[in-house]
Structure formats: structure tokens, C-alpha cells
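Protein chains in written order, with numbering that gives the first Met the number 0: chain F, 0 to 380; chain B, 0 to 256.
If you're looking for bench data, these hints aren't it; they were derived computationally from the structure.
Here a beta-carbon is modelled for each residue, glycine too, at the ideal position from N, C-alpha and C.
Keep in mind that the hints are not guaranteed to be accurate.
[Claimed, not checked] Quick list of simulated restraints, FRET-style, between CB atoms: (1) Arg200/B with Gly38/F: 54 to 62 Å; (2) Gln9/B with Gly121/F: 53 to 61 Å; (3) Gln20/F with Ala111/B: 19 to 27 Å; (4) Asp105/B with Gln319/F: 29 to 37 Å; (5) Pro22/F with Arg200/B: 35 to 43 Å; (6) Pro22/F with Asn42/B: 28 to 36 Å; (7) Thr161/F with Ala111/B: 44 to 52 Å.
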Amino acid sequence: MEFYFFHLMPWPYLPEGFVEQHPSAWVTYSNGEFDPTKGHALYNRYLDELEYADALGFDGVCVNEHHQTAYGLMPAPNIIAAMLARRIKRAKIAILGNALPLRDHPLRVAEEVAMLDVITGGRIISGFVRGIGCEYYSFNLDPSRSRDRFVEALDLIVKAWTEPGPFVWDGAEYQFRYVNPWPRPLQKPHPPIWLPSTGSYETIELAASRGYPFVRVYERAEIVQRLFDEVRAKGEELGKAVGPDQLGWMMPIYVAETDARAREEAGKHVLYLFRELSHRPFEMLVPPGYMSAGSLSRALDRLDRRRSMADPSLEELDEQGYIIFGSAETVRQRLTNYQRTMQFGKLVALLHFGSLPHDLTMKNLELFARDVMPHLRPLGA
Amino acid sequence: MLHGAGSASQWRPFHERLSERFDLIAPDHPGFGLSDQPAWLDNVQDLVYHYLELLEALDLERVHLLGTSLGGWIAATLAVGHSERIRGMVLVAPAGLKKAGVAMPDLFAMNAEQRAYATLYDERLAAERAAQTPSREELERQLRDQATLARLAWSPYLHDPKLPHWLHRVSVPTLLIWGRHDRIIPFETSELWLRHLPDARLEVIEEAGHTPHVERAEEVVKLITDFLESPLPQPSPPRGRGSTKSSPAGRSASHRA
Numbered sequence: 000m001e002f003y004f005f006h007l008m009p010w011p012y013l014p015e016g017f018v019e020q021h022p023s024a025w026v027t028y029s030n031g032e033f034d035p036t037k038g039h040a041l042y043n044r045y046l047d048e049l050e051y052a053d054a055l056g057f058d059g060v061c062v063n064e065h066h067q068t069a070y071g072l073m074p075a076p077n078i079i080a081a082m083l084a085r086r087i088k089r090a091k092i093a094i095l096g097n098a099l100p101l102r103d104h105p106l107r108v109a110e111e112v113a114m115l116d117v118i119t120g121g122r123i124i125s126g127f128v129r130g131i132g133c134e135y136y137s138f139n140l141d142p143s144r145s146r147d148r149f150v151e152a153l154d155l156i157v158k159a160w161t162e163p164g165p166f167v168w169d170g171a172e173y174q175f176r177y178v179n180p181w182p183r184p185l186q187k188p189h190p191p192i193w194l195p196s197t198g199s200y201e202t203i204e205l206a207a208s209r210g211y212p213f214v215r216v217y218e219r220a221e222i223v224q225r226l227f228d229e230v231r232a233k234g235e236e237l238g239k240a241v242g243p244d245q246l247g248w249m250m251p252i253y254v255a256e257t258d259a260r261a262r263e264e265a266g267k268h269v270l271y272l273f274r275e276l277s278h279r280p281f282e283m284l285v286p287p288g289y290m291s292a293g294s295l296s297r298a299l300d301r302l303d304r305r306r307s308m309a310d311p312s313l314e315e316l317d318e319q320g321y322i323i324f325g326s327a328e329t330v331r332q333r334l335t336n337y338q339r340t341m342q343f344g345k346l347v348a349l350l351h352f353g354s355l356p357h358d359l360t361m362k363n364l365e366l367f368a369r370d371v372m373p374h375l376r377p378l379g380a
Numbered sequence: 000m001l002h003g004a005g006s007a008s009q010w011r012p013f014h015e016r017l018s019e020r021f022d023l024i025a026p027d028h029p030g031f032g033l034s035d036q037p038a039w040l041d042n043v044q045d046l047v048y049h050y051l052e053l054l055e056a057l058d059l060e061r062v063h064l065l066g067t068s069l070g071g072w073i074a075a076t077l078a079v080g081h082s083e084r085i086r087g088m089v090l091v092a093p094a095g096l097k098k099a100g101v102a103m104p105d106l107f108a109m110n111a112e113q114r115a116y117a118t119l120y121d122e123r124l125a126a127e128r129a130a131q132t133p134s135r136e137e138l139e140r141q142l143r144d145q146a147t148l149a150r151l152a153w154s155p156y157l158h159d160p161k162l163p164h165w166l167h168r169v170s171v172p173t174l175l176i177w178g179r180h181d182r183i184i185p186f187e188t189s190e191l192w193l194r195h196l197p198d199a200r201l202e203v204i205e206e207a208g209h210t211p212h213v214e215r216a217e218e219v220v221k222l223i224t225d226f227l228e229s230p231l232p233q234p235s236p237p238r239g240r241g242s243t244k245s246s247p248a249g250r251s252a253s254h255r256a
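Model the full assembly from the supplied sequences, consistent with the hints where possible.
Structure, rendered in C-alpha cells:
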């Protein structure tokens, strides 16, 4: 099992009554509410947490991309990765993920990730995403083009990384007369490409057919199980077995001295993630054209459930496997059980979440690294 | 009749009344209603060519175009390029032009309830519509229609920045109908149409929002009927060709579909 520390770098200062008074924490919540002085302290604190994970022995740390939202303060994940590149000496740096359709020129992503890979000595993991629906309002991009742009950008980047240039690229979405990015990445054939996913059919197919690790973001455990099964089934259908190293699960985890203490210390901070930070209308999360008919149908099936999860309790989140909170023993037990049935090999632990303060984050990292990681290491091998 | 984005496959009292006097053909645009979703559909010009092909396939020569909202944008674009194929145009709250400084709300960010209230002037009607629960099949179809609209109109939002430049090429008379309280495409936009169309007049429907043909059907039917039956000027010769095809003034020479 590989262990990654995933950070979302959220804004923890949304006011009392936010959900009632504002329609969304995304796109329309005014940046007038962002206090740069607080931001200065926040970013530097978050970077300290990521660097600490390197010292504690995590296999990697992860950064993320979102725009115009209190949910996460990393519109430019490659910048954060660059800040970590020289201070993190050993762990991998996973960019989960660059939102390809949001960049006019995929070659910029190819260049930036190649630079990072060369400078870090080949420690970059290159996640690629479409960008969630909200980003399409922020960038005024036609959501119905999102999938086509993503796949073509992905193909272009992989070719740019693996085939010496200059070559011509004449695609439906992108046309370049000279593709020849300097530098080329260090890792061969290229940095590992991961696909963080919310479970669309198309991403499942892509992950299985290309062997790219599929990482499901926090969700009910039974749905994560089902999606992993689907990726495996698709792999089998295509004659490409999907092993545990190709399946990842990202979820909030909190380790404390006892189960009760875990809930007490961190309960309200994780609820801040699921309520305040995730507050946005369905239409903003899923604009017209963003999902294919089949994936949309599946999303509609879950829509009612999602609405009822707009105000989840800590017990519900825990029971359903959105989060794992507890003593080290509880956390070990739950993860072991899940791993047995789900057979995933990459645990992407959101060990800071919501409004969790710095001291509790550091404690969480330490307890997880000392009392959970070593025991679970042999799983999924 | 070229429908608006939310109105595919709907035969309303408005349609029924018009079809009592005229031959009314009301297809679903490709990508809407019961029509197929073609891979080639990218923009309004694609729909214009599609409708030219439909006119050719039905052997229709001098029809009137009636377009609402998105349908108005299609009609106007067709008329810019091919006025010789049509007799005249009725545009009801058309999309296609955007007046500088006039805010247009984001249709794509609205849920069904918000859309109902934004579209209709009559709050009771809006509440009724908002309270409707579509079947799962209807819902999927609505979402598909919205997806096609996104493809056509996400950015630039609901307009063609070049259209004002070429609208002077429309060589047939146009009747513009607009609801005073249109909160989707604000009434002020009508001024822009009047400015750029060479031969157009505006009729304002006072107690109506974005769909006056729904909220004030009788009034709108009367205005359209009067317009279609008024004596028409001789059709201009098709540009660039020596011969002229003349048709009798009066009824449009269309066929019942």
C-alpha cells in the first residue's frame, strides 16, 4: 500500500450562517471576502504541513486545482508543486490534477510538469482532470466540449513527452505546427498519469484502457467499491488486468487517542468541508452538456441522495465510509477491512480537512504515520 | 416555426391558432426534443444550413420564418445569408444580439424553478410551472436540450458578435415582438434589432416576459396574422442571379407538414 497526504488548502474563515445566506462557496462568493493577510499565514502553514509529511515518511504529497472558490486556494497547482520541489527531498509530489480543458494550450502543462519532473529528479506524479462543472462557469468554457478537449489534450501531452519533436498536431480542439517542448520529463516513458475521478463511464474506460491509476475522491464506500469493480471489469474486458496499484481512494481520515476524542476534536472541522465548503447548486456542479447522457442518468439517480447529504451528520459520514475517524486501532481496522474487499493499493489520505487547525493537523499526520501506516504497508501488495 | 431552447416538441394553443389560418411547420432542431443529436452540430450556422436543406427537401420557396428566442437567432442568421428563400420574418424575443451594458442572467446556472420565474411574467403561472415534476424521461430530454443549447450558446453567451455587422443583408420585412418584462433577453435589446434591420417594426406585449406567445397567445397570434396577411412588396430578386422567381403576394407558399 502506498500512502499519500492530500491537501485541499481550503479557506477556513466562512462566517456563521454562511450556508443560509449565500447560494454557493464556488464561483460567486466574492473574493472581497479573501483576506490576503490571513492568506499569507494560511498558505505558509499549509506548505509546512505538506513538507512535514515528507519527514514522516509518506510516499508522496498531493496538491490540487480549483478556481474562484473558498473550497481550495490552489488555482495553480504547479506553482505549489514548484514550491515543494526543492524542500521535499524524498517523497513524490502528486499534482491531482491539472485541469487540462481549462488551459488554452496543453503544451504549457506538458512544459510545466516536465520542468518539475526534471528538477525533482523524477518525483512527479501527473494527475489530469477535466475540472469539475463549476470551473466551466469560472472560465466561461463550453462544458459540452470538456470531454473532447480533455482526451485530445491528454493525447497531445503524452505524445509531446514521448516522441521527439518537432511534430505537427492537427486536432479538432488544438492545432500546433511545431510541438517540441523543452525540457522533456525525466521519468520514462513519462511521469505516472493518474486520473482522479467522480466516476463517469468515460474516465473508467480511459483508466482501464491506458493503465492509468484511477483515484476516487471521497464518496460512500459502497459506491467506491462499485467503481473499483467497474474499472477492474473494464480492464478484464480489454485484456488489461487492473491491479491494486491502479486503484486509489481519497478520503478524510483523522486519528486520535480514542474514537471519542477523534470525533470531538475533528468532527466539526470535517463537517465544514461537507457543508460550507461544498455548498453550491447542482446546476453549478453539473452544467448542461458537462456529462454524457449515460453518466448524467447515473448522477440523477444519486441526486436525491446528494440533496439529503447536503447536511450530513458526522455519524452518517463515518458509517457510510465518506470518512474514517477514530483511534489508530479503529482506523487500521476499518482500512484493512475496506482494503480486503476493495483491493486498492493507493491510499490518498486527506489528513487536513475543512477548518482543522494546524496543531491538530500535525498531530493527525504524526499519529497516522506512526501508528497506521507501518501496519498497513503490506496490504495490496 | 423555429422554437426556442426550452420549447422543443411543444404544440401550444399559440401553434394551434396560427395553424388554423396558415400552414405551420414546427420541427425540433437537431439536438432538441425528438430530433437526433448529430456530431456535426457546433453552432447556429450549422442549424441554418440544416434548415435550408429542410426547405429544399420540402420544396418550399418563399416561406415566412417565425422564430422565438434561439429560434429567432437561427431565423435572423438564415435571413442574413439567404433572404431570397423567405418572404418575411417574425422574431419573438430573439437571441443573437447583445446590447452593451444590458445584463443578461445566466440561464445555465438556473434550476428549473428559477428558470420558470425568470421566463414568465405571471407569477402564478411561474409557480405552477415550477411545481411541475417532469417524468424521468422528460427530465433527461430537458437536460439534453440544455446541453445542446450550451453547445450553441455558452460563449459568446446567447449571441453572435458579428450578427449586427451583417443584419443589413436581410431584405425582407421583419416583425419584432417582445415582452416588456423579458428577464431572459431584456427588452432593451429590441432597440439593437430595430437599429440594424433595414425593414423592421416592433410590437411590445405589455404583460409578458420572455415568452409572450405563451402568456399572451391571442394578442401575438393577431399581430402575426395581420403581418402575414398585409400586402407584401414584390420579392427582391435573388442576389447574383439573372432570373427572378415571383410568387403571389399574400399567403406563404408552404405546405402542411
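Evaluated hints:
About 56 Å separates the C-beta atoms of Arg200/B and Gly38/F, a value consistent with the hinted range of 54 to 62 Å. A hinted range of 53 to 61 Å holds for the C-beta pair Gln9/B and Gly121/F, which are about 60 Å apart. Between Gln20/F and Ala111/B the Cβ separation comes to about 23 Å, which falls inside the hinted range of 19 to 27 Å. Judged by the Cβ atoms, the range 29 to 37 Å given for Asp105/B and Gln319/F holds: they are separated by roughly 34 Å.
A hinted range of 35 to 43 Å for the beta carbons of Pro22/F and Arg200/B is consistent with their spacing of about 41 Å. Hint check: Pro22/F to Asn42/B, Cβ distance near 31 Å, so the stated range 28 to 36 Å holds. For Thr161/F and Ala111/B, the Cβ-Cβ distance of about 47 Å falls inside the hinted range of 44 to 52 Å, so the restraint holds.
In the structure shown, no violation is registered for any of the earlier numbered hints.
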